[in-house]
Structures are given as C-alpha cells and as structure tokens.
Amino acid sequence: MNYTASAPAVRRHPARGGEPPDHAAEFVTMTVADQAFGILVGQVHDVLSPQRLTRIPLAPPEVAGSLNLRGRIVTAIDMRRRLGLEPSPAAAHQMSIVVDHAGEPYSLLVDAVGDVIRLPLAGLEPNPATLSRRWRDVSAGIYRLDQALLVVLDVANLLNISTRVAA
Amino acid sequence: MDDLLSEFLTETAENLAVLDVELVRLEQTPDDPALLGNIFRLVHTIKGTCGFLGLPRLEAVAHAGENVLGRIRDGALTVTPDTVTLVLTCLDTIKEILDELAASGAEPAGDDSDLLAMLAACASGEPMPAAQPEPDFGEVAPDDPEIDFTPVPAKGAVFESPKPTARPVPAPAAAPPPPHRPAATRELAPPHPPLADDHHEAHEPLGAAPSVRVNVDLLDSLMTMVSELVLTRNQVMQILRHERDSVFAEPLQRLNHITSELQERVMKTRMQPIGNAWTKLPRLIRDLGHELGKVIALEMTGEDTELDRQVLELIRDPLTHMVRNAADHGIEPPHERRAAGKSEVGRVRLRASQEGGHIIIQISDDGRGLSLAAIRAKALALGLAGEADLAAMSEQQVLQFVFQPGFSTSREVSTVSGRGVGMDVVRTNIEKIGGTVEMATTNGRGSTFTLKIPLTLAIANALIVDCAGERFAIPQINVVELVRTGGPVGHPVDRINDIPVLRLRDRLLPLVSLRRLLHLDGSDDDAASQLVVITQVGTYIYGLLVDQVFDTEEIVVKPVAPILRDIDVYSGNTILGDGSVVLILDPNGIAATTGDLSVVETVRSPADADGIAIDDGDSAALLLFRAGTRTPKAVPLVLVARLEEIAESTIEVTNGRYVVQYHDRLMPLISLDPSFVPGSEAGEDRRRPVVVFADGAHAMGLIVDDIVDIVEEPVHVEPTGSGPGILGSAIICGRTTEVIDAGYFLTQANPDWFHADGEAQAALPRERVLLVDDSAFFRSMLTPILAVSGFTVTAVDDPAKALRLCQQGEQFDVIISDIEMPGMDGFEFAAALRNRDCPWRHLPVIALSSHATPTDLDRGRRAGFTDYVAKSDRHALQAALAEFRGAA
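So the protein sequences, as listed, match chains A and B. This note's numbering applies: residue 1 is where the first sequence begins, and numbers increase by one. This note's numbering applies: residue 168 is where the second sequence begins, and numbers increase by one.
Don't read these hints as lab results, they were simulated from the structure. Mixed in with the good hints, there may be bad ones.
[Unchecked claim] Incomplete in silico selection of chain A near chain B, CB under 7 angstroms: (1) 54; (2) 55; (3) 75; (4) 104; (5) 161.
No residue lacks a Cβ here, since even glycine has one placed at the ideal position from N, Cα and C.
Take the sequences, apply the hints, and build the full model.
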C-alpha cells in the first residue's frame, strides 16, 4: 500500500472514550464537495495523485474514465456524480483512492485525501432516516467527529452501479 | 478431494476420450491387433486403478468390459457393431459414475447388474467360461512395460508412488499416445498429446517422456504476466527510442529478444492440437449414423494444427454442432443417395490448417446441400423478408438467413439437431472470438462451412485510430482497407434519407460516424475530409469514420470492467506502448448497434462475394456508357469523379466551346457525338447524363447518351484505329467495347490541364517516372494520370525491361511498379533495385497493387518499396508522388 500515515491519530470520541483498541478500526479519510468520507484502511489499495484518464464514451455518467496503474486497467469513478453532486470545478486535480470490488480495481475520484484515523466501532451511528436514498445506499453509517460528520462508505454498494447504456 | 483421486479422474477422463475414438476405429478395422491391444490396455488400466483406489462399482463395470475385450483379443469373439455399442455403453456408465465421483468425492451407489449381465452374456458368447483377465496379462506385459505392476496391489502399500499404475504420463492435459501405434492407424484422428509427440518419439526406448503436468490456471497466469512483460518492454523501448546512445540500448535489445522468445514459448505451452477438440466427433458421427440409419464416414485432416487452448475451448461446441448438422441435415439416407447416383456412404470432412495468424477450419459434407428455395420459403414464413425482397436477393444473401435465430429448414426437428442451438449461436460464438464463418452450398452436392479463427486471443494486432482527440483500437482482422472521403480528393459521400453512404469503386457502403456513435464532441463529420476504416464483420462491410489513423500495434486484450460490459461497442481495453489506456472497438457490436444485420448484404454485388481486397491484378472497375455510336464505351471508374445529369438548357457556349455552370464554376463539356447540339429537339428540355472528370480545381464533363452499367472485369485492350480519344477496344460483358482515353478529352476540354498548377509547376523541370506494369490497360490508364501530375512517363511491361533501361544508363526520378507480374514480380524487382550495385538503388519506388491492406503495406516496405498504393486509388498515388516531390 502506498498510503502511509505517520502514527494514526486515535481521536477520542467525546461520548464513548474508553473502548479497547481492538474494537476500533482505521479509516482513510477524504473529502468530496466539503463532506468528509471514510473507507476502511484494509479496503484501500492505493492513493494516487491526479492521473491522466482515458474517457469512456457511452459509459454510465459515474464512470470518469480509466487509467493505467502499473499495468492494471483501473476504472475511475467520479464520486461527485456517484453522490449526485455537481461536477468538480477542478476535476483534473482530483485524487484517486484505489479499491477492489469483485476482483476488479476501481479508483474513486475525490477532492482531497486526509489522515488515516482510528475510530471505535461502537461509535458508528446509523444513517439519519432523512438521508437521501442515493446516500443511504452507499453509507455504512456516520461518525460524529469533533469538527465534522464522517460518512463511512460501503464500497460494495458504492460500486454497484447500474449499467445504463446510452443510446 | 485428495490429489490421488483428482489425478485418477483427469487421467481416466483422458483415457476414456481416447477409447471413444479407438473403439470407433476398431469397428472399422476389426483385425488390427495393435489397436485392440491398446484398447484392452486402457480399459485394464482403468480397472486396475479403480481396484487400487477402492472403487468397487467402477472396478466391476470396467472389469466386465475388459472381459469382453479380452475375448475379442483372444479371437473368441468378433468385432460387431453390437459388441462395440455394448462396450461404448460400458464406457458411458463409467463416465457417469466418474462424473458423480468428481462432484461428490465418493463413488455413488447404483445398480449396474443389467449392464454387467449383458457384458457377461456377450463375453460368454462362446462355450468357454468367462476367463479372468489376469492370466491374459502376461501377454500384454512384454510389449507394454507401462502396466507391468502387481495386478491387485494391497491398499496403501504403494505410498511412495502417487500413480498406482506407475504409468509415465507424457503430456499435461492430454491423453497418452499408445506407445506402439502403427503408422497406418494415424490417418484417422490419432489423439496427439500437445507437447509430447516429439519427446515421445525421441525417448521411446526409455519409456518415459520428460514432462510434468501443469495446472492450466498456472499457464493462464503465466500468459497474463508475459503479456504484461511485453507491454512493459514496449513502453521502455518507446522511451529509449529517442536516446540512441543510451547505455541501456544494448541490454534493452537483449531484453527485447528474450521477452519475444519468452512470449512465444509461453504461448506454445498453451497450444493444443485441434484434434483434441475433435476426439468426440468419431463417436458422435457413429452414434448419429446408427440412430438415423445413415452410413457416414468422418474424414479429418490437419488435426495436428495447434491453437491456443482458450480458443480451442471456445470453438469446441460450435464445431460439434456443425458436424452434427452436417450428418443430420446434410447427409441423406442411403436410399436417397442411391437414387441421386451417389455412394451410399456419406462423407463429412473436417479440415484444419494454419494461415498466418489464423486457423482455417472447413466442415464439408457431400449431402443434399441447402435448398435455396427452402430457405426462401422459410424466411417468408418467419416474416424475415417479403416476397419481392427475396426475389431480388443474391444467393449469398439468401444463405445468410441460415444464421438467423430460430432458423432451421429441416422439416422436422430430430432428436439429433434442433436442440435449440442454431447456426446463429455458432456464428455469434465464432465472431465473439474475432473469427468469421462463411458458407457455400450446391444443391444436391453438399455444403461447406469455413471458419477463420485467430490463433490466440491474448495478443492481437490492432489499428489505432483517433476520433475527437480520443484514441481507440480496432482489431486488425476486421480492417479491410483505409480510404479518404470528402474534400477535393476523397471518395464522395452521398446521402440516402440523410444516412451517409460511401461510394467505393462499384459499391455503396454504409458509413458509421464514430463521433456520433460515441457521442464525442467536435466539429461535424461532413465538413472536413475524413478517413474511413473499411470494416468487415462476416459478410457485412461498412465504413467507420475517424479523424486520424496511427500505426498498428500488438495489444494485449483485457476485458472491460463489469460496469462497462453492457456497452456493445467495446470488446475490451488495452494499454498501449506509451502507457495510456485505450478502448478496443468491437466491429461486431458497432454493426449490430448501427444497422439491421438481417439485411447485411444489400450493398454488395453478388459477382464478387469474396470480398473487396481480392481483385485480379488486371481487372478494373469500368463505367460503361453509350455515346454517339451504338458501340458501348468504357472508361476506368477511378478516373470518374461523379455522374451528373444536366438540363440541355443550362449548357452555354463560350469561345466556341460548350460549358455549364457547375459548383459555381464553368465546367467545359465535350460530346463524343460530333453532331451534338444542345436543345436541338425543339421545345423539350432534355436532361443529359454527364460523366465528370475532376482533378483539384479542374473539372470537365463528357456528355453521353446513357449510362449503362458499372462492371468489374479483367480488361485486355486491343489497339484499334478508331480515332482520337479511343484507346482501343476490349471485350467487356461479352460485347466489344471501346475504351475511352480520358487523357485525350481532358486536354481537349482544358488545354492546360496537364500543367495543372500553372506557373508553379511550369517552373519545375518535369520529373521522369518509370512505370512498370504488365497490363496494357493499366499502363494506358496511368499514363494520363501521371502526365496530369506533371511527369514525363516511360512505361514498360516487364521488370526485366526496366532493369535493361537501367543498364543502358537511363535516368528517372521515381519508379512506380506493379506487384503481381509474370516472371519477376514487384517484390523481386524492388529487391533487385535495392542491390548495392544498382545505379537506381536510391530512387523512390512506389508499389501499385490491388491489395493494399496494412499487412501488404508492411511487406512492401520491407521489400524495399518507398510507398505502397492501391491500384485503383489515383489520389493515393498522387499523394505519394507529391510526398516524393516534397522530399526531393
């Protein structure tokens, strides 16, 4: 794995501080349109600087293109589109988080990649009932952090993109 | 499942496959002791192994079968179809038990007493009591060290040996060859193991071939890794191409060679003889024959032909289906064959051979052939086409219906064919792997299916194209040729109800705009001159409009991500030498997305069903018309820019010459009829057909009476004294036809035509060109074209004459040579010119050929040609000459 953070910051959750460490998990954090997201460290294969993408005409809109990662062809997913947000004004400068899904590599295009943080499993809260369907599908739960809310991404659901063929 | 058992399963399955084939052969040659010995030994091996592994049910069945075979070998029983059927049934039972064993890991319970009783009855057909096979054993053993083991070894006693039979297995994943196969038995599908043959022969005295069994997954992953290595090598080579003095250059050269060799070897490990896919066929044909009451002989040739195992797996079912079809639908029952004056024995022939990077497989039968009438009737009944459409269709077009889903002309669905798998599935499967299927049939005489299959799927040649700044790869196998369209020099693009079509020689090809197909942005296609990749899928040919064409590259085909699999227009993606990812276009998918493939052939003329690139060297597309006299006239179609109709009232007279306003210019008009006066028939504004010749800014029209036809025929022009403007006459379509000298009329209409670009060209000295072509017709056609371009032309009909000119010290600036010539051909000529001692060795040489695929181009370049141009493509020739001029 490329991504190595210096000693992961264990942030204490104000409400439940005393969890033993083995009931905690490490998350790679990222932001998409100012929203913080987290993916379990074990699911992240690589973090890449902005890459040259090959466009894939007729692909579902969430597919931003494909890129060559050391001889493997990786399909890039535009996270903003996947989440139903406006496209990024600086699309060319987006970072890639590479994950595997069903044996295939995908890269998630995000605005920025943050620290790896350690969070207690018990701190994960269910999605608010009012969250939109699209977000509820891809969110495994929410962490209340000091400064922000962190949405934990369900990678499998995230990449379960219905294949629509453009005419 | 433990290793021992899984090894036993693999090995036994292979032995059973061999047995299927050998038993059918035994039926045909019952008195071949070597064959019988081999069969006996294989069954015995199975029995022995079962006993060792503690599989009593299998052992009992195999034992009973072995008894029958033992009796045959002793001469106590004779080989009859019934005995063979019984033994085959015995083997089938073994297979069934094995399948369950493989699934569950334990021998299934079951009752075989009926079969055992039948086998026992068969074995005891003679009064002699059924003998145990063991006593027979000694007879086999001396010439067969392989089964020289304790007949019933104590369980667990042979721990050291993983193979209870201790039989040396020569090959991975294939049946062992019988060690003493007499040469004579080879003619009928000997199941060759893929690698072992050479080894086997070389090491036979030792009785052990040095080989190991390797899991196929391992080979596949090796292949993937080698493919990656090839790509990485290409990448590094590309980076270093610009740095000739790099210290890496030499080691990289070595790496390059080693990689290529490694790739070749690894590909070889995956190669299997196609005979492996045929092993089930003799049995299939035999059973079919019995079931249908037909006598069918299966002939197989070229079973040694090797291809990638992945490809082999993919064609196995389509092949089986086609052979079954041939036997079921193709071959008639004996009484019908007799009545038709044919031998009672129907023949199904299977032939494989390698041609370049492809395997050609032919399945033919001498049966009743396909009845076009029946196909028409069926197509009508299924509503695939109307009566009028059908009447207008060519034979090939009608035959295409056979590949439609749900199409079967057999009146009743037999148990044999008609199992829901149709020729449509066969074609789809073959085309999926980049192959093609063609069919030919003669009513009453049989049918032939020809498959063309790529050797391997892993690495393919692809043409890299650009559209709207994006690059794509197109599989080379589908690319027929490249042409330019639009603009002043390209082939014209016409529209039918706003659908673009391309006029290419005598064809009208549908055009597909890649830009529109893929919703790429950028300027409209119609405006600029564009490149067209002429693409062929089966018999369907269409043009794909692209912006730019780059090289061909060897690519490693990778499947697209699952979320892209529903997009029909891609067949995969790949990484190019420069490291970028490109999508591989699927010509098949594009055809299906953009057109109705059931009418695939509407634009093809039935006369040349063999495809565009196969033109005879001397044949040319000619425009036939009538003008002045009753004798038909012809002009090479390549000289014709377009055909127009002009109202006589629009014809004007300036300077005593006829002109017409054409595309905002005045175009001179010439009539072949000296008595022509426009509008002479009072009160009637007649429209006259006009043949327009154009070149750059100039155009002229030849007024004719009517356009007759466009034909493609070999042309031999005989000079006649018919007067100016006539090259001579030729027999075209069985009629004497005058061939027009277009050059003459061009100068008539436009005296300065041959100095097309005025001063600029006049200032240059006229370059001398030597034209070498054995066809008088092409010499006379090309001479005016070259003269138009400002060359002084010397034409000879033989490379030898050209070389004599060279010896005489003649000087030229450029040489244009035909490829296909009797005696010395173009490649040899080019090689002779490039000889160190030839004074012309530095001259540019342009090859002219009717074949101008990228492969030919490559070959031409290697032979020493500077450029390679299609004979019929005047503009390409002019462009090549312009390039030479620019360089000079």
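Hint check:
1. Hint status for residue 54 of chain A: holds, given a least beta-carbon distance of 4 angstroms to chain B, under 7 angstroms.
2. Hint status for residue 55 of chain A: holds, given a least beta-carbon distance of 6 angstroms to chain B, under 7 angstroms.
3. Residue-level restraint check for residue 75 of chain A holds (minimum Cβ-Cβ distance to chain B is 4 angstroms; threshold 7 angstroms).
4. Given the 7 angstroms rule on beta carbons, the hint for residue 104 of chain A holds: about 5 angstroms separates it from the nearest Cβ of chain B.
5. Interface restraint check: residue 161 of chain A against chain B, minimum CB-CB distance 5 angstroms, threshold 7 angstroms, status holds.
Every hint, counting from the list given before, is met by this structure.
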